[in-house]
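Protein chains: 2
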Amino acid sequence: MARWEPNAAERLARAALDLFAERGYEDTTVIDIAQRAGLGKTTFFRHFQDKREVLFGGTETDDLLITAIATAPAEASPLDAVSRALEAAGQAIFTPARREFVIRRQAVISANPELQEREALKDGRITAAMAEALGHRGVAEVEARVAAQLGALASRIALERWSQADSDEDFGAIARQALTEMRAIRAR
Amino acid sequence: MARWEPNAAERLARAALDLFAERGYEDTTVIDIAQRAGLGKTTFFRHFQDKREVLFGGTETDDLLITAIATAPAEASPLDAVSRALEAAGQAIFTPARREFVIRRQAVISANPELQEREALKDGRITAAMAEALGHRGVAEVEARVAAQLGALASRIALERWSQADSDEDFGAIARQALTEMRAIRAR
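Those protein sequence lines, which keep their order, are chains A and B.
Take the first sequence: its letter number 58 is residue 58 in our numbering, and every next letter is one higher.
With positions in the second sequence counted from 1, the corresponding number in our numbering is that position plus 1000.
What the hints contain is simulated information worked out from the structure, not anything from laboratory work.
Some clues are possibly wrong.
[Claimed, not checked] Cβ-to-Cβ under 7 Å is the rule here; a few derived chain A residues that face chain B: (1) Glu100; (2) Ile103; (3) Leu115; (4) Gln116; (5) Ala120; (6) Gly124; (7) Val146; (8) Met182; (9) Ile185.
Just so you know, these numbers come straight off a predicted model, no measurement behind them.
Idealized CB from N, CA, C, for every residue including glycine.
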C-alpha cells in the first residue's frame, strides 16, 4: 500500500492546526503556516482566501455532498439522498485516517469565536447547496430545505458521536442511525 | 397613543444601518455610529461588544424565544412550543412598525460577508438555546434539536415571506403557516 501523501491544502491545514495549538490563532500568520508546511505564501493563497479559511478546505466538501445528492437513484426520497451525501462525507472526509485531525480541528474551532463564525457560515452555505441540489431533483422548495436542514443536523450529531466513539466506527453508519432516529420522531 | 421612542440599542442599530448604507460597512467606525445616534462610545460598548454586533441586538431575542418556550402549556408539543416562540418574535421584533428597518437590515447583512458570518453564528446559538429550552421541558435531546432546527428554518422562511408580503401581514401567522407546511411534509 502506498504511503498516504497529503496534498498541499491538507498539509497547510495540518500545519495551521499545529501552529494554532502551539501559539494561538491570533499569533499565527499565513507566512508561518506556509513555512511550516514547507510551501510558499502564493501556494497558500491559491488554496485559501484568508487565514480563517485554512481549516475549511475550500469547496471540496460542497462538491462531494452535491454530487452524492445529484447521483442518488431517481426513486430515493429527499432524506435518502441526503443520507447518501453523509455517507460520501464519511468515505472522503470523516475517515479513520483523518479522525485525529478532525477532532483536533473541532477543538481549535470551538476555542475561537472567529473560526466559529466561519464554520457557522460554511454550514449554512452547505445546507443551502444541499437544498438546491434536492431542488434539481424536482423536490419542492420547503421540502428540500427541511431535508437539507435535517441532514445538516444529522451530520453535526454524527460528528459528535463519531468523535467520542471507538476509532473504528464508521461515520456513514452513525449518520444513517441519526437520520433513522429523526425519522422515528417524524413518524410520531 | 404615546410616540414610539426607540431605546439606546435600537437608536444605535438604526444609526449604524444608515451609515452602512451611506458609506459602507468598512468605512464606518463605532464612534461614527455613536455620534449619529447622539450617544457616546461608552454607551455603544455597554450595549454591543463590537461594530458587527450592533445589528444583532444583544441577547434580547434569545430571552424572548426561550421565555415563550418555557411558558408554553405543559401539553404543547415541541413544535407547538417553537411556534409560540416565533409568534412572540412577531409581536416584539417583526412588527409592522419595525418592518422597514428589518428589511433594510437584512439587505445590509446580505451584502457583507462579515455580517453574514455573525448572523450565521447568532442563528446557530439561538437554535441551540431553543433546543436547550425544550430540553428543560423534558423533550429528549434529538427531538429537541430537530424541533429547534425546524423552528429556525420556519423563522427564516417566514422572514423571507413577510418581507415580500403586504405590510399588514402578521409575522406570527406566516410562521405558523410555514410550520404547518413542514408538518404536512413530515406526515407523508
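#### Entry: Hints not upheld, ascending by number
1, 2, 3
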